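Asks: Go by the hints and put chain W onto chain R.
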Amino acid sequence: MGPSSDGTERSRTLNNRQRLGGLLFLALSIGYGIVAREIELDFFSETELFNARTLPIMLAMAGVVISIALILTARDEEAAVPIRSLNWRPAITLLAALWAFGLLLEGLGFIIATSIFLSIGFIVMGERRWLRIVATAVPVALGFWVVMSLLDIQLPSSEWLIAVTSND
Amino acid sequence: MIEGILLGLETVLTLQNLLLVVAGCAVGTIIGMIPGLGPISAIALMIPVTYGFDPASGMILLAGVYYGAIFGGSTSSILINAPGVAGTVATSFDGYPMARGGEPGKALAIAAWASFAGGTIAAIILVITAPYLAKVSLSFRSADYFMLMLLGLSLVAAFAGKGEYLKALAMTVFGLMLSTVGTDLSAGVQRFTFGRLDLIDGISFLLLAMATFALAEAIMMVLKPDQNSRLRVDSASMHLSMKEARALAPTVGRSSVLGFFVGVLPGAGATIASFLAYGVARGLASRDEQATFGKGNQKGLAAPETANNAACTGSFVPLLTLGIPGSGTTAILLGALIAYGIQPGPRLFVDEPQIFWAVIVSMYIGNIVLLILNLPLIPYIARLLAVPGSYLVPLILFFSVMGVYLVSFNTFDIQMMVVVALVAVGLRLMAFPMAPLLLGFILGGMLEDNLRRAFILSGGEFAFLWERPMTLALVILTTFTLFVPLLRSIIERIRTRSAVRGL
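Protein sequence lines, in the order shown, are assigned to chains R and W.
Per this note's numbering: the first sequence = residues 1 to 168.
Per this note's numbering: the second sequence = residues 1 to 503.
Here chain W stands alone, though its shape is the one from the complex:
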């Protein structure tokens, strides 16, 4: 483990890589601060830039962008009550009231320190657990992988929230469908290309991510403009006293551990972690203190801020050890890794330990950089929030399409992005979530490969699903996740119907 950390440090601690972490954090913060643009958009926008670097440096940059975007989202949650990311919605509950109450600087300082603490504790847990998990997962076979992916996809839907389960499931299947467009690599036949040359290689994940997130989010900003009052921050107010820090420590500690483990679960991620941590912090508070939650309580701000950062770190566990992303953000990071020619999973830890450890170390360095860089710069960065939307939106559109065009140099891609963005806006308006689509799309190819292999190895029998206890356990778990929410919604439906009839 120590060797691993040293290996990681050796890879990361070059001038170029350190500059990349700093640049990544800065760009991530700026993009994440724009209401509506989250970490997925931020990473998608930065991926084309990383193609010029080696894979380790690319991942280092993207990890910085990820943390920066989450922190930027917190900043806009606190200052203008407009969370850029779902993961920072809970931050606005107490962060915005604090800022309104005349303490915007202190709120930002708590957010920065809490994020840092959450990231640190989670990074320690990750360093201890990830190599062990990677070793265990070496024993996985195709059938296990197939079931694990299915489990991951169904968990994403199961965690999607009340009433969103079926919509998330539908989007997952839609993503899987899109992944089948192009040439089937095993048989070499074209599928769903409708004779178009541009589709023979399939839809590029970058195009899909950029169109469904960055483009669609920019268009949503135009469709539903929101008016928020803006607050000014000066750096003098950003001081946090030792006493305050001590009072927050237990909350931060609890939220870090909670956040990490929620983040490890596929599909749960930063959003659920932050809400849970907020709930726990509120639940543990005294009755008098509970009344101040939602009105600018410091614990109410520290808890979700710690948890969302810890969850980001936790979400790297399934990505790095199994090669299976658990969230939209890690899905796009997986896409980036594949584009670099690297297949994450247990082999990554064995074959390319320098990348494995570089990512872990750079995540931590990202946290440090965020603290050093952002704390003093926040008052200035926050002024960017004043850039009028009339300039912002066209620029986001331009950078999104250029990001895709600069990879393919095919103008057909720009037009396809417009079509995809239009569909995505329609789906967003119908409240269909986008992250499961991306996850299904990225996992589609691997899912089919593993299913095919499992099928062939078992001689065309479905027996592979129950022959090994490991696979069987995964099958049972997946069936459970898939059907319990479905049954619940059907039972609720029947109940409300009979209640209506009874009246």
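Only chain R is shown next, with the shape it has when bound in the complex:
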């Protein structure tokens, strides 16, 4: 949903962040309303005045009204989203690394996954001194793990490492 996808589009609507926001919110409200109408109800609650659908449908209607107001009252002088001047690459890489961290945390184990994630993070942010990267990432991961172990909190251990070593 990030506004990066319309980087080349220079139309009047997308250049205005309030109008763009209004349009996205309109789409969200309509989608939400459609799903809200399909919330499953049992026989009894279907006849009730206030059931699981009531508030969501009210919210969807409120959302549509607000987004139309947003679109209509947007001023032309409202600034565009400054897409080009932003440092997208490191930001997206960091989020992608975080996503991968979530995906691999249980497979690689906490210490390995964290050390790798932090190292990638430091590199993405422009650090190039390898010794410093490793000397920060690994102690943080180890330290966090030790503190959690002391608190009796079990962090994922390396399934992969255990599998490899037990096969030998």
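Hints are computed from structural coordinates only; laboratory data are not their basis.
Predicted model only: the values in this text are computed from it and were never measured.
We put the CB at the ideal spot given by N, CA and C, even for glycine.
Possibly wrong hints are sitting among the right ones.
Unchecked claim - Estimated spans, in silico, between C-beta atoms of each pair: (1) L185(W) with V147(R): 30 to 40 Å; (2) L457(W) with N87(R): 23 to 33 Å; (3) L185(W) with I34(R): 20 to 30 Å; (4) V134(R) with S408(W): 22 to 32 Å; (5) R468(W) with L41(R): 22 to 32 Å; (6) Y380(W) with R84(R): 33 to 43 Å; (7) T183(W) with R37(R): 14 to 24 Å; (8) R37(R) with M470(W): 31 to 41 Å; (9) M61(R) with S408(W): 26 to 36 Å.
Stated by the list, open to error - For lysine to any residue, the following SDA-like pairs were computed, each having C-alpha atoms within a straight-line distance of at most 25 Å: (10) K224(W) with R129(R); (11) K224(W) with A100(R); (12) K135(W) with I125(W); (13) K224(W) with E127(R); (14) K224(W) with I92(R); (15) K224(W) with T47(R); (16) K224(W) with E40(R); (17) K224(W) with W88(R); (18) K224(W) with W99(R); (19) K224(W) with R89(R); (20) K224(W) with P82(R); (21) K224(W) with S85(R); (22) K224(W) with I83(R); (23) K224(W) with S119(R); (24) K224(W) with L24(R); (25) K224(W) with R84(R); (26) K224(W) with A97(R); (27) K224(W) with P90(R).
Replies: For chain W alone, kept in the frame of chain R given last:
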């Protein structure tokens, strides 16, 4: 009242709790000092830590974090002109020029003393008014609660600032929408889960708070890096003379009272309080003195600093007495309380007075600790500002996701946080405010419960909205808050259009 304070003191004054206040203030100051991270992020990051303690201790820690974060925000406003929090933007107006002018130590000392004075005066007003308000609010019924929440939500939008009203309203509704995800507790049906098991319990408020604030703020730091020159502080310069203190006293007194009452209003909070106090201090100054505002005037620094702390204290009033948070920060504190199994509101004062009073007393102790701890330590803490962003950002990301993961032990949450953070960054870039989203999300469940109850009690009629004078008054107030800014923006729009045509 005296018994209450004693009860609070009894709860707070244990070695463990005192250490928690100190730790909370220290951690809060450090996090709040990082430009971009405010009290909401600081509290969100600390909530998982508090799960190991009893509720009173947890709240004590979080109250310390709150004050610490506000103070930390002031420190970075003064030293590097980069307010960590909206509430300390006004602090930078005169604080940064003072620091640049060679008095960084004195500026920090004024900030610390002004915060302390604001916190003290506001705590006194709170102690006097809160039990009374709590008693009054015992007579509230479901319909009143529903309308109060609606009023609170619309006030947040109304106070959002010029041109931000509709955006804040949209974010509130978005927050309410997100709160409906999960199992509907009254009928047991799933809503908006799209068949995913991970969503059956709904979205966790901690996940939402952490992703929309801590994560999104860290990513914004990467997207828009800012360059600021850094100043060194040495402790010798932090002395404030008696004469200077006396000259500032009236400003501090006025700003405390003003800050407290603005803080009580739902939705107004520390930011508006600090700007108002700055405006008042400037307005009351002589013509000659007015010219020095913005160039390092001590009153211009003391006024917003006092007011933002007083407003923080004031914002606890609706939270503790009604169970309705008036700001993003109190919303997340409410979330924490609910997670501990405590429902704030008038019953809290009756059923669990030790928590009610412990929070109030700990807020005050937090203020004292901040003064004792921070004043001498500030020169050292300020060096943390030199930690390069290249290390800071990945660490913030790591601690944010671990905070959520350590509660659920579900890696799906980490991925969901990435998605939510991405959406939040997009919304921030479109200048949509995040606090109303959090507020709507936290209030959503209670809002629906009370609306349903009011509906059922009135036999399915909308009559509950006007049957009791109390409810009717709230309905009128809410309608007024909702439509006046809307009408104003529509009229302005038509005017500018016809003006363009007329040309």
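Asks: Between R468(W) and L41(R), does the beta-carbon spacing fit 22 to 32 Å?
Replies: holds, 31 Å
Asks: Given the hint of 22 to 32 Å, is the C-beta distance from V134(R) to S408(W) inside that range or not?
Replies: With a Cβ separation near 30 Å, V134(R) and S408(W) satisfy 22 to 32 Å, so the hint holds.
Asks: Assess, step by step, whether the Cα of K224(W) is no farther than 25 Å from the Cα of R89(R), and give holds or violated.
Replies: holds, 12 Å
Asks: Does the structure keep K224(W) and A97(R) at a Cα separation of 25 Å or less?
Replies: holds, 19 Å
Asks: Does the hinted range 23 to 33 Å hold for L457(W) and N87(R) at CB?
Replies: violated, 55 Å
Asks: Should the hint that L185(W) and V147(R) are 30 to 40 Å apart at their CB atoms be regarded as holding?
Replies: holds, 36 Å
Asks: Between K135(W) and I125(W), is the straight-line Cα distance small enough, at 25 Å or below?
Replies: Holds, at roughly 16 Å.
Asks: Does the alpha-carbon distance linking K224(W) and W88(R) stay inside the 25 Å limit?
Replies: holds, 9 Å
Asks: Could you say whether the range 33 to 43 Å given as a hint is met by the Cβ separation of Y380(W) and R84(R)?
Replies: holds, 41 Å
Asks: For a C-alpha distance cap of 25 Å, please report whether K224(W) and I83(R) respect it.
Replies: holds, 11 Å
Asks: Holds or violated: K224(W) with S119(R), Cα cutoff 25 Å?
Replies: holds, 22 Å
Asks: Taking only the CA atoms, is the gap from K224(W) to R129(R) under or equal to 25 Å?
Replies: Given pair K224(W), R129(R) holds - Cα atoms ~24 Å apart, limit 25 Å.
Hint check: violations occur at hints 2, 15, 16; the rest are consistent with the structure.
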